[in-house]
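Okay, here's what each chain looks like letter by letter:
There are 2 protein chains.
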Amino acid sequence: MQDRSVHFWFDFSSPYSYIASEWVEALSARHGRTTRWHAMLLGVTFQAAELRSPVEHPIKRDYSLHDFARSARFEGVPFVQPTPFPIPTHQAARVFWWLDAQDPQRAVDWAHAALRAYFARGVPLNDAAALKALAAQSGFDADAAERAWSDPAWKDKLRQVNQEAIDAGMFGAPYVVVDGEPFWGNDRKPQIERWLSQGRF
Amino acid sequence: MQDRSVHFWFDFSSPYSYIASEWVEALSARHGRTTRWHAMLLGVTFQAAELRSPVEHPIKRDYSLHDFARSARFEGVPFVQPTPFPIPTHQAARVFWWLDAQDPQRAVDWAHAALRAYFARGVPLNDAAALKALAAQSGFDADAAERAWSDPAWKDKLRQVNQEAIDAGMFGAPYVVVDGEPFWGNDRKPQIERWLSQGRF
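Quick mapping for you: the protein sequence lines, in order, are chains A and B. The first sequence begins at 1 in the working numbering and counts up one residue at a time. The second sequence begins at 1001 in the working numbering and counts up one residue at a time.
By construction, these hints were calculated from the structure, which means they are not laboratory data. Hints are not guaranteed to be accurate.
Stated by the list, open to error - Calculated pairs, SDA-like style, for lysine to any residue (alpha carbon to alpha carbon, straight line, at most 25 Å):
hint	chain 1	residue 1	chain 2	residue 2
1	B	Lys1132	B	Gln1105
2	A	Lys157	B	Lys1132
3	A	Lys155	A	Asp179
4	B	Lys1157	B	Asp1103
5	B	Lys1157	A	Ile59
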């Protein structure tokens, strides 16, 4: 049977991933599709593709910071540029996969909670105490979350997911795959929408 | 008096510039704005920003080629991926500025003719004979065009324009500036449209 899911690949430190995370489920649902979330580490795919974060480029940085905020306003998504930025997100991502194995919806709830915490309230997802507090606020066992992100099993899982992303040719986030068709970037929303409503174009 | 023009910065070898060149004037006109075209050399701004063309990145290349064609289909613009690609475009750009000094509309006509020739019919804009033939077909004096692209005065003009682009923080094309607000990329069309219809957001 064909895979009808909208696959949403994201990184917890990617502003465009955050913005897209706020529209991807509603858009998919309007077209009778479910969304399957995949937490990945953008830095790993940048490395494989010999790319750097846009904010590391001397000239691109100012424009990018301006565009993050403007693109969020365009979609009506609350956004406050966090500092530090970007941050390592392997802990948040491992918690995602730990929850996903229990119940994918809990993992999605965590993704929303963590993305909103970082990009709307500046909660540093790379800080263990902040991350545990966020887990507790989200109704998860904070100590179990900490054990999960230190567990070699979830480290392995995240490594596998990153490798899967690289093998699929991903080099950025968000990366949406529908019917095998790849769409890179929050700004591919209109094309994804047309694909979902009319099929291949 | 405030500058009400929509400033459209483009490179003759940029697929996204070509796609945007097919909608920018109509969009501006719908909102009572004129479009001011600026031919630049994308490679010069890439160098200043320490960036490379997306097709030079090992993993990004395949996706980019796919996205060029899909983005053209999305906008209903005829597109056939040319080879060789990308190509040096300083001659076409100098002809643009030579014509612009005579009559900006003639320069825009040339821009459309050259972009469509390269991206819809594969005419190599870096080939002197092909470029002269295209100038003649477009109703310009082909020998005068050749003299213009070899003329130190138009070489200087293009260098000035590139420097202006770098000084303004540009690092890619197309680059649209409206009321001082910068928008990078064909995919910023929805944001430009909102800006033109509602003002700052």
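Against the structure, the hints come out as follows:
1. Between the alpha carbons of Lys1132 (chain B) and Gln1105 (chain B) the distance comes to roughly 19 Å, so the proposed pair stays at or under 25 Å and holds.
2. With a C-alpha separation of about 59 Å, the suggested pairing of Lys157 (chain A) with Lys1132 (chain B) is violated against the 25 Å cut-off.
3. About 29 Å separates the Cα atoms of Lys155 (chain A) and Asp179 (chain A), which puts this hinted pair outside 25 Å; it is violated.
4. With a CA separation close to 16 Å, the supplied pair Lys1157 (chain B) and Asp1103 (chain B) stays within the 25 Å bound.
5. In summary, the hint linking Lys1157 (chain B) to Ile59 (chain A) is supported, as the alpha carbons are separated by about 23 Å, within the 25 Å threshold.
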